[in-house]
Amino acid sequence: MPDGRARVSEPRYGDVAVSFSGGLDTTLGVILLLEHFERVHLNIYCNGYCLRVHSPHGRVEQLRNRFGAERIVCTTSTTRQVMDRVLGSYSADLTRTGSPLIFDLCCRFGMELATLLYCLERGISYAADGLNCAQPVIFMLEPEYIRMANDFLAEYKLQFLHPVYHFGDRESRRALLEEHGLNQEVKAISWVQRTGILPQISEQIASQPLCYAQTPIFLLTSPLRNLPVLRKFGLPTEQAKAYRAERQVIARELIRERLQAMGVELDDLLARRPEPDDLRPLFPHGLE
Amino acid sequence: MTVDSGSAAAVPPASVGQPPDPAAARPWPRSVLGAVEHGIYRVLRVPVFILLEAFRRYAGR
Numbered sequence: 017m018p019d020g021r022a023r024v025s026e027p028r029y030g031d032v033a034v035s036f037s038g039g040l041d042t043t044l045g046v047i048l049l050l051e052h053f054e055r056v057h058l059n060i061y062c063n064g065y066c067l068r069v070h071s072p073h074g075r076v077e078q079l080r081n082r083f084g085a086e087r088i089v090c091t092t093s094t095t096r097q098v099m100d101r102v103l104g105s106y107s108a109d110l111t112r113t114g115s116p117l118i119f120d121l122c123c124r125f126g127m128e129l130a131t132l133l134y135c136l137e138r139g140i141s142y143a144a145d146g147l148n149c150a151q152p153v154i155f156m157l158e159p160e161y162i163r164m165a166n167d168f169l170a171e172y173k174l175q176f177l178h179p180v181y182h183f184g185d186r187e188s189r190r191a192l193l194e195e196h197g198l199n200q201e202v203k204a205i206s207w208v209q210r211t212g213i214l215p216q217i218s219e220q221i222a223s224q225p226l227c228y229a230q231t232p233i234f235l236l237t238s239p240l241r242n243l244p245v246l247r248k249f250g251l252p253t254e255q256a257k258a259y260r261a262e263r264q265v266i267a268r269e270l271i272r273e274r275l276q277a278m279g280v281e282l283d284d285l286l287a288r289r290p291e292p293d294d295l296r297p298l299f300p301h302g303l304e
Numbered sequence: 010m011t012v013d014s015g016s017a018a019a020v021p022p023a024s025v026g027q028p029p030d031p032a033a034a035r036p037w038p039r040s041v042l043g044a045v046e047h048g049i050y051r052v053l054r055v056p057v058f059i060l061l062e063a064f065r066r067y068a069g070r
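Protein chains in written order, with our numbering: chain Z, 17 to 304; chain G, 10 to 70.
Bear in mind the hints are in silico, worked out from the structure with no lab data behind them.
Hints should not be assumed to be uniformly reliable.
Simulated restraints on C-beta separations [unchecked claim]: (1) G:G48 to Z:E194: 45 to 55 Å; (2) Z:D294 to G:A44: 43 to 53 Å; (3) G:A44 to Z:R138: 53 to 63 Å; (4) Z:G184 to G:L42: 36 to 46 Å.
Straight-line Cα separation of at most 20 Å, DMTMM-like style, residue types lysine to aspartate or glutamate; simulated pairs [what the hints assert, rightly or not]: (5) Z:K257 to Z:E194; (6) Z:K173 to Z:D100; (7) Z:K257 to G:E46; (8) Z:K248 to G:E62; (9) Z:K173 to Z:E77; (10) Z:K173 to Z:E269.
Yeah, the Cβ is synthetic: ideal placement off N, Cα and C, and Gly gets one too.
Sequences and hints are given; from them, build the entire structure.
Set out below in structure tokens:
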């Protein structure tokens, strides 16, 4: 093994796919996953509204240098079509649900679907993300919502792992990144974070894409979302789950169609796919 | 935030065993404020949603 490359123990499992933003938590997730998986597939997505989609590529290079290029597979792809299909009529659903956070929901769900298709095409049984409970809370960080996503992926014999969900505060997560020489902190943003006004803003912004369409609703993921009137624009977890349940119906059709277009019948594919082992116990900071 | 709804479900609500909330006995100021807030939201959301949809289309063009 080349000098300077990190390997804590011999990994026992093959491949895992990660929706990779290049930020603090997904990078930390990759470090934890590499302790148990031979290869991590980093999926960088552009939802069609992204600026600086190339930003995580520097981070990918750092990870390759640190852990070995053969262990880091990277793909950058668009999720615009998937997202548009899942989102349907944004305008009508804004009025129906009363919250612009349905855009976040569908963006994230679109990335889950893209990762799911990636795994089905390549015979991968594990997917992971960088959700962390210390991030400012909206529905997508609530365990009951995350478990709904887990159950959806489990329908396709895919286990969804969340290895950094309980991984302490931001300082300790950043310290681990620093230990691996991967901290790309912008100090001025760290200071803004610590003031508590915009705790959701990422100090690793240099290595992350930005969502252009999301800028106007940035307030709804900050503490200001609890202000009178502004809080009415939020999406309570129960409502988010109900909306997601609707979207999952569309997603199931989409998955079947995508596979059919490749000449693969979903039922045959699922019959061939092995049930994944439950790997959650390997990640003590993960969501059970 | 419910960090883990599984374990949180086993914890009784904070109000159990506590004296009744005095504010609950006079609900009208709350509901009036709530109605005002809701009214502002209903009026405000029309232009907000139009602007958001316009911005989304512009951003995604």
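Worksheet item: Is K173 (chain Z) within 20 Å of E77 (chain Z), Cα to Cα?
Response: 31 Å, violated
Worksheet entry | Assessment of proposed distance window 45 to 55 Å (beta carbons of G48 (chain G), E194 (chain Z)) | Holds - the Cβ-Cβ distance for G48 (chain G) and E194 (chain Z), about 50 Å, lies within 45 to 55 Å.
Worksheet item: Is the hinted pair K173 (chain Z) and D100 (chain Z) satisfied, with a Cα-Cα distance of at most 20 Å?
Response: 25 Å, violated
Item to complete: For the pair supplied as a hint, K248 (chain Z) and E62 (chain G), confirm whether the alpha-carbon distance does not exceed 20 Å.
Response: The hint holds at about 18 Å.
Discussion item. Please check whether D294 (chain Z) and A44 (chain G) have a Cβ separation lying inside 43 to 53 Å.
Written reply: 49 Å, holds
Practice prompt. Could you check the hint for me, namely that G184 (chain Z) and L42 (chain G) are 36 to 46 Å apart, CB to CB?
Written response: Holds - the Cβ-Cβ distance for G184 (chain Z) and L42 (chain G), about 39 Å, lies within 36 to 46 Å.
Worksheet item: Is K257 (chain Z) within 20 Å of E46 (chain G), Cα to Cα?
Response: 25 Å, violated
Fill in: 20 Å Cα cutoff - pair K173 (chain Z), E269 (chain Z)
17 Å, holds
Discussion item. Given the hint of 53 to 63 Å, is the C-beta distance from A44 (chain G) to R138 (chain Z) inside that range or not?
Written reply: About 54 Å separates the Cβ atoms of A44 (chain G) and R138 (chain Z), which means 53 to 63 Å holds.
Fill in: Distance restraint between K257 (chain Z) and E194 (chain Z), which requires alpha-carbon spacing of 20 Å or less
36 Å, violated
Violation of the numbered hints given earlier is confined to hints 5, 6, 7 and 9; the remaining hints are satisfied by the structure.
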